[in-house]
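Chains as they are written, first to last, in our numbering: chain U, 1 to 233; chain H, 234 to 481; chain P, 482 to 761.
Hints in this document: simulated from the structure, not taken from any laboratory.
We put the beta carbon where it would ideally sit given N, CA and C, even for glycine.
The calculated label-pair distances, taken between Cβ atoms and stated as ranges, are: (1) P:P536 with U:F142: 46 to 54 Å; (2) P:P536 with U:S17: 15 to 23 Å; (3) P:S642 with U:L8: 42 to 50 Å; (4) U:A80 with P:P536: 29 to 37 Å; (5) U:L126 with P:G653: 52 to 60 Å; (6) H:H427 with U:S169: 49 to 57 Å; (7) U:F12 with P:T650: 49 to 57 Å; (8) U:V217 with H:H427: 49 to 57 Å; (9) U:S17 with H:G341: 55 to 63 Å; (10) U:G60 with P:D533: 56 to 64 Å.
Single-letter residue listing:
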Amino acid sequence: MNIFTEGLQSAFQMLRSLDPDVLSITWRTIHVSTVATFISILIGIPIGTILALTRFRGRGVLVSLINFGMGLPPVVVGLATWLMLTRYGPLGMFNLLYTPTAIIMAQAVIASPIVAGFSLAAIQSLNPKMLLQIQALGTTRFQYLMLLLWEARLGILSAVIAGFGGVISEVGASMMVGGNIRGYTRVLTTATVLEVSKGKFELATALSIILLALTFVIVSLLSFLQQRKSAFR
Amino acid sequence: MTAELSITQLKLRRSGREILDIDRFVLDSGEILAVIGPNGAGKSTLLQVLALLLVPDTGIIELNGEMIVNGNRLAARRKLAVVFQESLLLDTTVQKNIEIPLRIRGVGRTEAIRRTREWMARLGITHLSGRRARSLSGGESQRTSIARALAMQPEILLMDEPFSALDYPTRKSLLAELGDILHTTRMTTIFVTHDFSEIPALTRQVAVMFDGRIIKRGNIQDILGETAVSVRSWAPWDEDMEDGRGAG
Amino acid sequence: MKKSFIRIQSIIFCIALFLMLGATQSPVCAEESKDVILSTTTSTVDSGLLDDLIPVFEKKTGYRVKTISVGTGQALAMGEKGEADVLLVHAPAAEKKLVDASVVINYQLVMHNDFIIVGPASDPAKIKGKTALDAFKAIDAASAVFISRGDDSGTHKKEQSLWKDANVTPTGKPWYHESGQGMGATVLMASEKVGYTLTDRATYLAQKANLKLDILSEGDKPLLNIYHVMQVNPEKFSKVNAAGAKAFVEFMIAPDTQKMIGEFGKAKYGASLFFPDAVK
Chain U
1 MNIFTEGLQS AFQMLRSLDP DVLSITWRTI HVSTVATFIS ILIGIPIGTI
51 LALTRFRGRG VLVSLINFGM GLPPVVVGLA TWLMLTRYGP LGMFNLLYTP
101 TAIIMAQAVI ASPIVAGFSL AAIQSLNPKM LLQIQALGTT RFQYLMLLLW
151 EARLGILSAV IAGFGGVISE VGASMMVGGN IRGYTRVLTT ATVLEVSKGK
201 FELATALSII LLALTFVIVS LLSFLQQRKS AFR
Chain H
234 MTAELSITQL KLRRSGREIL DIDRFVLDSG EILAVIGPNG AGKSTLLQVL
284 ALLLVPDTGI IELNGEMIVN GNRLAARRKL AVVFQESLLL DTTVQKNIEI
334 PLRIRGVGRT EAIRRTREWM ARLGITHLSG RRARSLSGGE SQRTSIARAL
384 AMQPEILLMD EPFSALDYPT RKSLLAELGD ILHTTRMTTI FVTHDFSEIP
434 ALTRQVAVMF DGRIIKRGNI QDILGETAVS VRSWAPWDED MEDGRGAG
Chain P
482 MKKSFIRIQS IIFCIALFLM LGATQSPVCA EESKDVILST TTSTVDSGLL
532 DDLIPVFEKK TGYRVKTISV GTGQALAMGE KGEADVLLVH APAAEKKLVD
582 ASVVINYQLV MHNDFIIVGP ASDPAKIKGK TALDAFKAID AASAVFISRG
632 DDSGTHKKEQ SLWKDANVTP TGKPWYHESG QGMGATVLMA SEKVGYTLTD
682 RATYLAQKAN LKLDILSEGD KPLLNIYHVM QVNPEKFSKV NAAGAKAFVE
732 FMIAPDTQKM IGEFGKAKYG ASLFFPDAVK
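Generate coordinates for the entire structure from the input sequences, incorporating the hints supplied.
Okay, here's the thing in structure tokens:
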């Protein structure tokens, strides 16, 4: 309890005094997780949409794979990414290991199935007659997809929220492929782990509180976006 | 603004069952046709084939003598408008629900707004223009759905049981208004119904479907008998029942 | 609706812009030779020593050090695979194998600190003042709780060799727990579980305020914890940054740095955490 209140105090203090270390870690966390989420949107929404709208051989297997991927343990993704990116690994020539880009890659791999799975569910839960009606309006394929995503936007935003929540809270992969390098790849979760192992619980608590606040603010923004349009007027 | 729609040697199977088997069917320019038949006869499927939403296994569909193929299907769809049993509005305002399809079909912005206003007025929903679609009552949303279809000024209007989800007074007034509109615009129309009493308000032309085929086609009296024209469902609160008898 | 499309487009545009800005910020495209990957043990990072030294090195040389703090086992493995450029570790026996196999070159003694055996003040196994080996034997005899790193780190290797010399096989015994975590977390666990553990002095001093543990055995010769720095052999691994690694080795044994190492921690804990050994 003592540590918690002290952590709360020092969190406020660090934020108020704009501690440059903490600010840069916070900013890096926002940057890395947002970009990773954005990439997972670009990958996940099209995959979810295609799987929701088409029927083909092997689709069932793909859907199970997506559902399986939604629960992919971040450390496993981290290890796989690490092995890919090592100097003498298949992607070693890009020198990406221990860079923020490596974290983004691992996080995008974690979030993409989440976004795909939620999008799939969102579009599948639309009234099938609605799909016919939208086609009957004379839509081109692109217009059709846009109206579809518009109709499914609550679910799609849930997909984005879930994906973002998955990556910002993730520590295993970030630690492994980022290396928790000070001022470069240290994010809120890995910094918290480090401070705990150093025994600096106030700092660790403060970082956790910042992480919670950050997640809360961003998820609230997305939820606001989601709920704003659906409320009755 | 009217057109002719025809199908030839149409066959459609789903999971091994023959759903449609129609040798020849023509919807003449300016004609208003009611399609009736028992559940599972293939009425809705036929409507979706005619609306170019469902591609049959074999058969030819022609719009104004032009055969529909993949390349011209979209352009042809844009000459049609479909109203389903559920109103299936987009999750936005009433006004946008009518305006967006017009914009999708390439109507200019000012013209789209003008037509939207016009048809909201004609269907009596102007006061709802800013309301979200999902906050509307059943009657209001079906009016919006019909206004959306008519504002597109389609060459052919296709309706699949458009009134069956509405309560009696709503259905009655909407039928009467739609009857007036269709007769003044002379819009080619095909509509599916299971309620014979709806037919006289709109047309005398009836096609009967059974087991995927059109088994009869002709004047309502010849098919349903003299009484069909005057049969009206009746409700105790229906004050002007006497006036309404035999109308259409 | 149309407006919403435009709004969505503008949001996507902003995010794309953000992404690109971010990409230029993150020095992915920085020259390869500017990055030096230092693989080191958790103790050098957790104690805060490297946080002091590395900025000085970076400022002096223009290199950027990517410090990957792992257990000594993993640090050495990274060297063996050529995944690191320079190593700063403290497991002389294991290091020797790498030197003999010429996986690493430029092998230099940097500093030492010492291991200590810590435990609860009540000292249930009565090890206070005993030598390291006697203390371990006493812990075994009393079946007192002992927390091991269990992570193949330098500390863990040291602990294992002590058990071996004491003729005790602790693995599998009910009082022997392997934490699988860093030194800092392990001493905390020992404190929470009222057990003994072997730790480096630096970590213990840095965390002393959080711990209910006393130093019970210290100063014995086998407890010395010796750090060497070495660069990964560029002839074996073409991708290592040889120049950067060499610069780092030289930096670590330079007199100025050695002085900083000796001073580190004095102000805060009243005692040196590390003792420089490169300049005699």
